[in-house]
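Chains as they are written, first to last, in my numbering: chain A, 9 to 264; chain B, -14 to 402; chain C, 59 to 122.
One or more hints might be untrue.
Unchecked claim - Dumping the calculated DSSO-like pairs for lysine-lysine here, alpha-carbon to alpha-carbon at most 30 Å:
1. B/Lys(-5) to B/Lys140
2. A/Lys123 to C/Lys99
3. B/Lys385 to B/Lys175
4. C/Lys86 to A/Lys173
5. A/Lys238 to A/Lys195
6. A/Lys173 to B/Lys361
7. B/Lys84 to A/Lys13
8. B/Lys214 to B/Lys126
9. C/Lys86 to A/Lys42
10. A/Lys123 to B/Lys273
11. B/Lys126 to A/Lys13
12. A/Lys85 to C/Lys65
13. A/Lys66 to C/Lys65
14. C/Lys86 to A/Lys195
15. C/Lys86 to A/Lys31
16. A/Lys66 to C/Lys86
17. A/Lys173 to B/Lys193
18. B/Lys294 to B/Lys140
19. C/Lys86 to C/Lys108
20. C/Lys65 to A/Lys31
21. B/Lys214 to B/Lys(-5)
It is worth saying that the hints were derived from the structure and are not from the lab. None of these values were measured; they are calculated from a predicted model.
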Amino acid sequence: MNNDKLIIGGHEFESRFILGSGKYSLNLIEAAIKDAGAQIITLAVRRANTKEEENILKYIPQNVTLLPNTSGARDAKEAVRIARLARELGCGDFVKIEIMRDSKYLLPDNQETVKATEILANEGFVVMPYMYPDLNIARDLVNAGAASVMPLASPIGSNKGLSTKEFIQILIDEIDLPIIVDAGIGKPSQACEAMEMGAAAIMANTALATAGDLPLMASAFRQAIEAGRKAYLSGLGRVLVRGAEASDPLTDFLHD
Amino acid sequence: MENDFFIDSKKLSQAALERKHKLETDPSSRSNHMEYMPDMEKIHSDVRDNVMSHMNSYDYHQYTAEDVRAALEHDKCTIEDLKALLSPAAEPYLEQMAKRARIETGKHFGNNVYIFTPLYIANYCENYCVYCGFNCYNDIKRMKLKTEQIEQEMKIIAESGMEEILILTGESRSQSSVEYIGEACRLARKYFRMVGVEIYPVNTDEYKYLHECGVDYVTVFQETYDTVKYENLHLAGHKRIWPYRFEAQERALMGGMRGVGFSALLGLSDFRKDALASALHVYYLQRKYPYAEMSLSCPRLRPIINNDKINPLDVHEKQLCQILCAYRIFLPFVGITVSSRESAGFRNGIVKIAATKVSAGVSTGIGDHESKYSGKETDSLQGDEQFEIADSRSLGTMYKDIEDEGLQPVLNDYLYV
Amino acid sequence: MVVINGKNADVAGTTILQYLTDEEYNIKTIAVELNEEIISKTYFANIVLKDGDVMEIVHFMGGG
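Chain A on its own, in the form it takes in the complex:
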């Protein structure tokens, strides 16, 4: 358990909770990070409106890895532009690709995401693509050079939990990169369930931003994620199934 590290693009992390920083006030960020035990925080890149705005980086401790996203991008080209700008802002090489061509459900465009992943991985980025859980696309992302795969649990911001559970499980079983469940996780119990399934980490934002006490919810998520991880590592016990077994022995034919 002590050696159980999350490794993304060669970087090691103890925490398996990736924290979003959207939709809540800047002065809560530090407490959220602390109570979440998070070592990675996501950020968005936006047009700067001159002097009056506060600098979010001031609120983030130095040792926390910044993970800028490409939200706002509608295709691979725009995502690449935003990623390059983020790197120019001096935050390191991590980028979470987020490409939405749909403003109603905010579902990611998997094809464009593969394209952007390939371009940015070639430019040396640690690419963490947000995607709709599709096995073939996940394989394409691996081949394109992704450092992790981030399937959605439910539509972004919906807090609906693991609607795509079966498909996320397939990614966990078949893909050799860390599978980080992103979007739609609304409660600590859902985060715990995803971790029990073998997810490598959880990314959450809205669930915390819409909670009554944000730092307290951050700490609840932290514990749930740790509990789920421990359960996964320890090997879940059996579920007893009622019902009779077939009576005829199948192996009576064996000789010698």
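Once you have looked at the hints, place chains B and C on chain A.
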């Protein structure tokens, strides 16, 4: 008790005998079995390292009944679970394994059982693999069918109703060239709906050529994944090069083949380790080539001409059944072929549990289908057999027996694209 | 006219650095893209904005 494989033929010259004995007794006279020969293509692949690190560290005595029970309770069988299922601790759980295997087989294959037949077109061989009836020092009648003879054999087989054929040769590039095999496969496509080959490993471009000739499935048996034992059993010839053989399936897929088959020859080395390596060979290649079809076989050592004592040692039917159940539970989607090396009783039982493909109307000799199928003597020459088969049922009998077990015999459901 | 963050600005002839200083941007926390090309901070003083240029000035904010 080890098998005694070394048999001297009186027909060998003094010089040949001396060469043979030197190979058998003096390891320094043998080439490096891990070094590719100049004409052998090298590919970049991590599959081998993945498989071998698991096999080398596999200590099956560490697994307990509790590990086996846990493995059987898991929805998905992990590599650790597979190791438990292949361990001696799983032997008392054979019936439970069989039940679970039957459920998995049913999920992926329904009650279908596929039927095929092998066709040996030549038994020349340049290798000295000590356990094999075709080995170059064994005194057998050698033969290579001419085009008309191949076509004649195919006609007889096709008339029996068979739709899938597996073309085999001894491993001799000089006697059975890739072009020769390719021509046989072109002919086979005229008579059969699915053509596979089981021949010496070749390079990617040659697999591509064979694919163009109508081959869509390549089977290569690794014999054993234990490289030290392999060196001791494959004393001379191209086949001696272990890594080139290991990568054959991957080259076949790179050459455009739809499917590939794998196996260890059980009884040559530690069968639990060989079974683990076979399953993981499939597992890792499937992850790399997810569109490919994969199948496993499970041959055990059989007696050969001039050495009727050869036997599969500690791999009894129970162990074989254990291996097949473990394969099925770990790889529910792969085809499992059980050949005529096994008895009719075993094959009838195992198709209800794990096997999805059986051969019928089998001869491992050369050019003898007419006499074997019709019972009539012919004047034409026939080449000797690779090993003794144990189940000589014809297609018709096999078809009926499968039906009688409540299963669905399938001659072919293949579509060339 | 120069289009800056989507708005027209009558600043052709000034350098990027001059414009950012005049508008009181915090140079440390922003990144600049001119005609879809990223401009490194070291060139801010050398590049003169001209008519038809499209400039984006961005920074980080909260996001998920």
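We went through each hint and held it up to the structure:
no.: 1; hint: B/Lys(-5) to B/Lys140; in the structure: violated, 38 Å
no.: 2; hint: A/Lys123 to C/Lys99; in the structure: holds, 29 Å
no.: 3; hint: B/Lys385 to B/Lys175; in the structure: holds, 26 Å
no.: 4; hint: C/Lys86 to A/Lys173; in the structure: violated, 43 Å
no.: 5; hint: A/Lys238 to A/Lys195; in the structure: holds, 18 Å
no.: 6; hint: A/Lys173 to B/Lys361; in the structure: violated, 63 Å
no.: 7; hint: B/Lys84 to A/Lys13; in the structure: violated, 38 Å
no.: 8; hint: B/Lys214 to B/Lys126; in the structure: holds, 29 Å
no.: 9; hint: C/Lys86 to A/Lys42; in the structure: holds, 26 Å
no.: 10; hint: A/Lys123 to B/Lys273; in the structure: holds, 21 Å
no.: 11; hint: B/Lys126 to A/Lys13; in the structure: violated, 63 Å
no.: 12; hint: A/Lys85 to C/Lys65; in the structure: holds, 22 Å
no.: 13; hint: A/Lys66 to C/Lys65; in the structure: holds, 28 Å
no.: 14; hint: C/Lys86 to A/Lys195; in the structure: violated, 37 Å
no.: 15; hint: C/Lys86 to A/Lys31; in the structure: holds, 24 Å
no.: 16; hint: A/Lys66 to C/Lys86; in the structure: holds, 12 Å
no.: 17; hint: A/Lys173 to B/Lys193; in the structure: violated, 40 Å
no.: 18; hint: B/Lys294 to B/Lys140; in the structure: violated, 36 Å
no.: 19; hint: C/Lys86 to C/Lys108; in the structure: holds, 24 Å
no.: 20; hint: C/Lys65 to A/Lys31; in the structure: holds, 26 Å
no.: 21; hint: B/Lys214 to B/Lys(-5); in the structure: holds, 28 Å
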